[in-house]
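Visitor: Here is what each chain is made of, one letter per residue.
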Amino acid sequence: MMNMPQQRKEMKYMDNSKMLLGIYDNPDLTLDATKNLIAQGYDVHDVYTPFAVHNLDRVLGVKRTRLSIAAFLFAMTGLTSAILLQTYASYFDWPMNVGGKPNLHIPTYIPITFELSILFTAFGMVGCFFIVNRMFWGRNTDIMDLRVTDDRFVIAVNIHEGQTDVSELSSLFVKGGALEVREREKDI
Amino acid sequence: MGHATAVQIKEEKFILSDKAKKLTFGLMGLGALLVIVGYLTYHPTITGLTEEQVHHLPLKRLLGSMLFNGYFFFIIATCAAVFIAISQLANAGWYVAIRRIPEAMSEFMIYGAVIILIAVGLGLPIIYHWAHDGVMEMDELLAKKTWYLNKPFFLIRLVLFMGFWIWAASMIRKYSRQEDQLSKGLNDTTFFDKTFKLSAVFMFIFAFTFSMFAWDVTMSIDAHWYSTIFTIYNFATGWVSALTTIYLITWFLRSNGYLNIVTDEHQHDLGKFMFAFSVFWTYMWVAQFLLIWYANIPEEVAYYKDRLQGSYKFSFFFNVIMNFVVPFFLFMRRGAKRSRTMGAIVGACILLGHWNDVYLMVMPGAMNLATEVTGENPVGIISVDSQGVGFMELGFLFLFGGLFLFIVLKALTKANLYPTKHPFIMESALHDTGV
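Going down the list, the sequences are from chains R and P.
Numbered per the numbering used here, the first sequence spans residues 624 to 811.
Numbered per the numbering used here, the second sequence spans residues -19 to 415.
Incorrect hints may have been included.
Computed from the model, here is a short list of chain P residues facing chain R with C-beta under 8 Å [claimed, not checked]:
#1 TRP265
#2 PHE269
#3 LEU270
#4 TRP273
#5 ASN276
#6 ILE277
#7 ASP412
These are computed hints drawn from the structure, not numbers from a lab.
Using N, Cα and C, we set each Cβ at its ideal position, and we do this for glycine too.
Build the full structure now, drawing on both the sequences and the hints.
Guide: Right under this line is the structure:
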């Protein structure tokens, strides 16, 4: 909320093959430590948490998701398909007299159109989510630390050879309340 | 979360300006004038009926307009009280900063109840077909409803139900105002617990009594017709209108420099509610219409036949456009719910749409003439087209709308603009959904 960079600059280096992880057990401490690290100019790769921590996305300068726009487009696709399907089936291909209703029976379109819009949106969004996050069959997910799936919070900072002072960084981590600091190879 | 120092809880008071007073009274005056002009200039003629037979159509229209406008503002005020009770029962924290607005709106309930009682009391034989002498006995369909639909029981029900809701809402207001004075601090939950218990009782009884209230006031106008989803459809109308009114008043207060702890986050959440319950209203509307259209049973279809011909046809489609298409497409984007301009446009459309919805529930039925006036078949009904929304409908809208605004703004001056000692006030002040 206060003095937060809206958009963190993308830092691209050739040698960022290692990361230092600070492992926390408290969302508030994690948030404050992340703010602090960014303010000090460290290249925070990402923060991994077991649940959504409010404001963390703003601190990290994560762009707002475009998933909602995709969802709307999927819904409109579903809506159009449903209307075309019903009009084709009941008006052009096989007109039937059901209870004297007109063959172009618009009010009864509503439930099917609604359901197909929802179906297309749901499948489309799940598909989008998998593609954007590069999750496919047979792909091993690289988890920073297995405990982030339970109750730990991990801040991962890229180490740049000759620019990042690792000992100063790890003391910053510990000062911010980290339970554990360790280095790992970067392979994602 | 570490930024609790960013907000300040202070005792804010709303000041009712002379301009606002003049505007609301001007609206009321304009409304009263329109009603009188409308009543004096309405001389309907219907082919096949003599002037004597249609002579009480102006009175039907006057009382019908009064009834549906009173009903519209009464259910808005009642649903504002329901909003507090539901949020209280859900242990919601976010709404505390805007809580005084629905509280102020619920002060209108007693005026709305009086309006309804006057319209119903005067209109029982005039706009309620079943209340004509002899109709219930001669009409086989209605005869079976006599134990429920009779004048004394009808009036007793109305008074009891509305009286109970008004009492519950006034107690909720009282506890809330006492809390500001007597609470020992943010950890003191005395008044919170009292309100919780009262809300539970209020909600339980409201759920049943509102059903009967909706059957009585609006559904029994078309006494032959019935719909099992009618209550929830009525509730959806009142609920979404109440949410919209809260949303608009919040914007009004914020743009005048009040409510320092209310942010776009609260506004956004109210906007989400408006969007969601507009869709909910549409669900109920479609569920009622679709089944009746599909089953095509004469006694049910008659209701929609009245509403799909003549001048009502426009109102019928206007209803769907204003209450579904406009909020759905204009209010879907995140930015729209946080924008004052867009919020005002969509809010006005929703309110106008639901006013039109209540108009369509009451007026076609209220204008219908029983065939006993022609002396032929005593149980038949002649549909009368009132030729669209006229001076009387708009007049009562302005009259009661002005009264509603005046009462709400006056009620806002009676206490701090937000409860300063509610246990959840800090949670509400720091409300952030993160989206």
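Visitor: Would you mind marking each hint as holding or not holding in the structure?
Guide: A quick look at each hint next to the structure:
Here the hint on TRP265/P is broken, as its CB sits about 10 Å from the closest CB of chain R, past 8 Å. Restraint check, PHE269/P versus chain R: the minimum CB separation of about 7 Å is within 8 Å; hint holds. Hint status for LEU270/P: holds, given a least beta-carbon distance of 5 Å to chain R, under 8 Å. The beta carbon of TRP273/P comes within 5 Å of a beta carbon in chain R, closer than 8 Å, and the hint placing it at the interface holds.
A least Cβ separation of about 6 Å between ASN276/P and chain R falls short of the 8 Å threshold, and the interface hint therefore holds. Contact between ILE277/P and chain R, as hinted, is not supported at the beta carbon level, the nearest pair being about 11 Å apart and thus beyond 8 Å. The beta carbon of ASP412/P is positioned within 8 Å of a beta carbon in chain R (closest approach about 5 Å), and the interface hint is therefore held.
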